[in-house]
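K.L.:
Protein chains in written order, with the working numbering: chain A, 510 to 775; chain B, 510 to 775; chain C, 510 to 775.
Hints were generated in silico from the structure; no laboratory data involved. Hints are supplied without guarantee of correctness; some may be wrong.
Any copy, or any two copies together, can satisfy a pair, since identical chains are not distinguished.
As the list claims (entries may be wrong) - In silico lysine-lysine, PhoX-like type, Cα no more than 20 Å apart, as pairs:
id, residue 1, residue 2
1, K658, K589
2, K522, K658
3, K673, K589
4, K673, K749
5, K600, K626
6, K600, K699
7, K589, K677
8, K658, K726
9, K673, K600
10, K726, K529
11, K749, K699
12, K626, K589
13, K626, K673
14, K673, K658
Quick caveat: nothing in here was measured; it's all calculated off a predicted structure.
Here's the letter readout for the chains.
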Amino acid sequence: MLELRLVQGSLLKKVLEAIKDLVNDANFDCSSTGFSLQAMDSSHVALVALLLRSEGFEHYRCDRNISMGMNLNNMSKMLKCAGNDDIITIKADDGSDTVTFMFESPTQDKIADFEMKLMDIDSEHLGIPEAEYHAIVRMPSSEFARICKDLSSIGDTVVISVSKEGVKFSTRGDIGTANIVCRQNTTVDKPEEATVIEMNEPVSLTFALRYMNSFTKATPLSSSVTISLSNELPVVVEYKIAEMGYIRFYLAPKIEEDEDETKPQV
Amino acid sequence: MLELRLVQGSLLKKVLEAIKDLVNDANFDCSSTGFSLQAMDSSHVALVALLLRSEGFEHYRCDRNISMGMNLNNMSKMLKCAGNDDIITIKADDGSDTVTFMFESPTQDKIADFEMKLMDIDSEHLGIPEAEYHAIVRMPSSEFARICKDLSSIGDTVVISVSKEGVKFSTRGDIGTANIVCRQNTTVDKPEEATVIEMNEPVSLTFALRYMNSFTKATPLSSSVTISLSNELPVVVEYKIAEMGYIRFYLAPKIEEDEDETKPQV
Amino acid sequence: MLELRLVQGSLLKKVLEAIKDLVNDANFDCSSTGFSLQAMDSSHVALVALLLRSEGFEHYRCDRNISMGMNLNNMSKMLKCAGNDDIITIKADDGSDTVTFMFESPTQDKIADFEMKLMDIDSEHLGIPEAEYHAIVRMPSSEFARICKDLSSIGDTVVISVSKEGVKFSTRGDIGTANIVCRQNTTVDKPEEATVIEMNEPVSLTFALRYMNSFTKATPLSSSVTISLSNELPVVVEYKIAEMGYIRFYLAPKIEEDEDETKPQV
């Protein structure tokens with residue numbers, strides 16, 4: 510039996526909005542430690558990893574490890590029916606082929622039960638090794654989202670270059686070129702407005718903007734984003750979920766020589 | 510000669526927004542007691558009845574009973590040109606084939622006259638007998654609108670079931686099922702936030718969500734909605750218009766046996 | 510070498526939004542006195558003239574007169590990447606075939622350079638003679654925009670008639686007719702809310718609403734608009750740009766006799 514009660518139900522709504530356009534179907538894995546998901550995007554280029562730790566739930570009961578295959582689009586349709594202040598409880602009986610989302614309004618005057626069919630999804634869980642990164646940039650998530658959106662109006666790829674002074678985002682397209690430099694800045698009123706750069710080695714890597722823009726759908730989950738970069742490793746774009754866990758997106762850099770081949774089909 | 514001056518002109522704008530998607534052409538009936546309309550929707554499944562009593566107008570002159578056929582879409586186009594704070598006057602000369610809508614800005618600096626051609630529309634006025642209802646639910650109109658919209662993302666029909674404890678809205682579709690229960694609740698700060706259930710007999714009736722959603726376009730007219738239900742009678746969904754009258758929507762329940770036949774063409 | 514630094518960069522963003530739908534490609538002319546543009550719309554019916562005087566820039570360096578051909582749609586794409594509080598600098602080297610737009614955030618933490626290719630555009634600069642107008646109407650720009658939009662839902666052309674008492678905007682279409690009268694009104698709290706009419710002779714002229722609506726895209730630039738009318742002269746619709754200059758739109762009136770021929774292709 511599974512019963513996970515999340516007082517701040519809007520978090521789960523935001524998680525779904527963050528990943529549903531990237532991933533169609535995925536297994537949610539439940540264990541005593543938390544509620545998690547790992548999935549490739551539908552074109553098998555990007556990887557998303559979600560963790561919501563059990564401590565973040567008001568009530569967390571998971572009698573045995575269980576993996577529940579869900580269509581994220583359908584799950585999102587149901588979660589959209591929850592109010593932003595609703596408490597959300599995820600429930601499943603052992604051996605059942607359905608999951609139930611229960612939404613309670615803050616006043617308890619309105620109680621909704623949405624029951625969704627589960628799916629069998631083949632998936633292998635990739636071990637993601639801990640890695641040393643050449644550079645780690647933390648910046649306001651809204652700023653990062655704005656930059657990805659702006660550059661998309663000019664080109665298809667972004668070059669992210671980190672030096673001690675700042676991080677540079679560059680693109681080029683038919684109508685011209687664009688370079689945006691954000692400087693390290695730690696003397697801000699609110700810590701989440703800081704731009705902090707930890708750098709061991711300068712890096713300069715190229716990524717498809719289409720995926721970066723998709724990752725920024727997680728912006729409502731966190732006021733800052735952390736971008737970890739190393740040559741020849743996938744970039745990690747991480748949004749922390751306060752007191753509960755994170756969403757991490759992994760994307761391999763584009764190699765200059767065969768840029769056309771690796772170009773994602775839009 | 511007809512001259513009806515409505516200080517709160519935005520009411521008339523909202524009335525048109527509430528019915529124009531349901532009804533294409535309709536006769537507005539003017540008499541000494543008020544300005545009214547009764548019309549079937551274009552697929553002859555739902556009925557809408559509007560009443561604006563003469564006392565609600567600042568000035569109300571109607572020398573003789575008159576029935577004016579209007580295209581509601583064109584009338585809505587004209588009323589959209591009125592400001593939300595404008596005074597609206599409806600004018601028609603005896604025997605004229607046009608009606609004039611006059612909009613006066615609150616400062617009287619801007620005066621607009623919109624003249625619209627009238628139409629000949631055949632219509633029979635249905636007598637709607639007063640009926641006893643098994644259950645009457647009054648609830649916040651925005652809550653009802655939210656529930657109809659939410660359930661539409663899961664299924665095509667809604668089962669409304671009333672018991673002493675509350676009212677339940679249920680649907681089922683390809684992706685699963687949904688049940689939303691609203692409990693009776695009269696201990697609220699504002700009377701319009703109450704959910705009040707008067708029940709003589711339990712009822713459970715099925716309706717097309719498409720029509721329910723259409724009715725909720727009247728939500729801006731009133732903060733509460735009253736739903737009157739009886740087995741084998743059309744449901745009445747009523748929005749009161751403060752100090753003037755009402756909009757009422759009538760819809761026959763779907764019979765389980767021939768559900769497919771009565772399914773509306775979407 | 511050209512270097513124009515505009516502290517209130519949002520002005521340039523609004524200028525582009527005002528003209529980019531009317532004009533595809535145009536030469537921006539730079540001289541020691543200012544930054545200007547004159548262009549016909551793509552169907553050669555309307556003329557737009559822009560002036561931003563050098564005094565309005567924080568820094569203005571223009572070593573020699575230069576004419577830079579730009580695709581306004583591409584330029585708009587780049588300027589949309591500037592924040593509303595950003596300082597915008599326009600830079601070009603002598604003989605270069607590119608122009609650079611630099612955006613500096615108020616805190617100087619984010620600096621962006623957008624480089625756009627220039628185009629060769631044939632254009633002749635029309636001398637626009639100073640003219641005496643029969644009537645000049647100054648009114649709130651938002652009111653004028655609202656009227657043009659409202660009348661477009663009824664008809665294709667607007668008749669603008671000026672008398673001492675006020676200005677009347679009229680149209681007619683398949684569904685009926687509309688007349689909107691704005692009265693002279695100078696006793697307002699804020700001068701920009703005034704409607705002021707200077708009239709030597711009554712005028713009544715007909716214009717295509719499609720163009721009028723296009724001109725009102727300049728509404729965010731100024732709280733009032735000035736409409737100058739004379740029989741057999743193009744109307745001038747002017748939006749002043751505070752302390753810098755103006756955007757003026759010129760449009761020939763439609764002649765009644767050959768109305769169908771001069772009707773713009775929509």
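K.L.:
Hint by hint, note whether the structure agrees.
P.N.:
Hints, verified against the model:
With identical chains, the CA atoms of K658 and K589 are at most 20 Å apart between copies only, with a shortest distance of 11 Å across copies and 25 Å within one. Only between protomers do K522 and K658 lie at most 20 Å apart by alpha-carbon distance; the minimum there is 17 Å, versus 23 Å within a single protomer. For the identical chains of this complex, K673 and K589 are neighbours neither inside a copy (43 Å) nor across copies (29 Å), given an alpha-carbon limit of 20 Å. Proximity of K673 to K749 under the C-alpha cut-off of 20 Å is found in neither arrangement, the shortest distances being 24 Å within a copy and 45 Å between copies.
Proximity of K600 and K626 under a CA criterion of 20 Å is satisfied intra-copy only: 12 Å inside one chain copy versus 58 Å between copies. Taking identical chains as interchangeable, the C-alpha atoms of K600 and K699 are never at most 20 Å apart, the minima being 38 Å within one chain and 35 Å between chains. In this assembly of identical chains, K589 and K677 lie within 20 Å of each other by CA distance solely across copies; the values are 19 Å between and 37 Å within a copy. Taking identical chains as interchangeable, the C-alpha atoms of K658 and K726 lie at most 20 Å apart only when both belong to the same chain, with a minimum of 11 Å there against 24 Å between chains.
Taking CA atoms no more than 20 Å apart as the test, K673 paired with K600 passes in neither setting, with 49 Å inside one copy and 27 Å between copies. Only within a single protomer do K726 and K529 lie at most 20 Å apart by alpha-carbon distance; the minimum there is 10 Å, versus 30 Å between protomers. Within a single copy, K749 and K699 get their C-alpha atoms as close as 17 Å, which meets the 20 Å cut-off; across copies the closest is 39 Å, which misses it. Taking identical chains as interchangeable, the C-alpha atoms of K626 and K589 lie at most 20 Å apart only when both belong to the same chain, with a minimum of 17 Å there against 44 Å between chains.
For the identical chains of this complex, K626 and K673 are neighbours neither inside a copy (51 Å) nor across copies (31 Å), given an alpha-carbon limit of 20 Å. In this assembly of identical chains, the alpha carbons of K673 and K658 never lie at most 20 Å apart, being 25 Å within a copy and 52 Å across copies at closest.
Checked against the numbered hints above, the structure violates hints 3, 4, 6, 9, 13 and 14; every other hint is satisfied.
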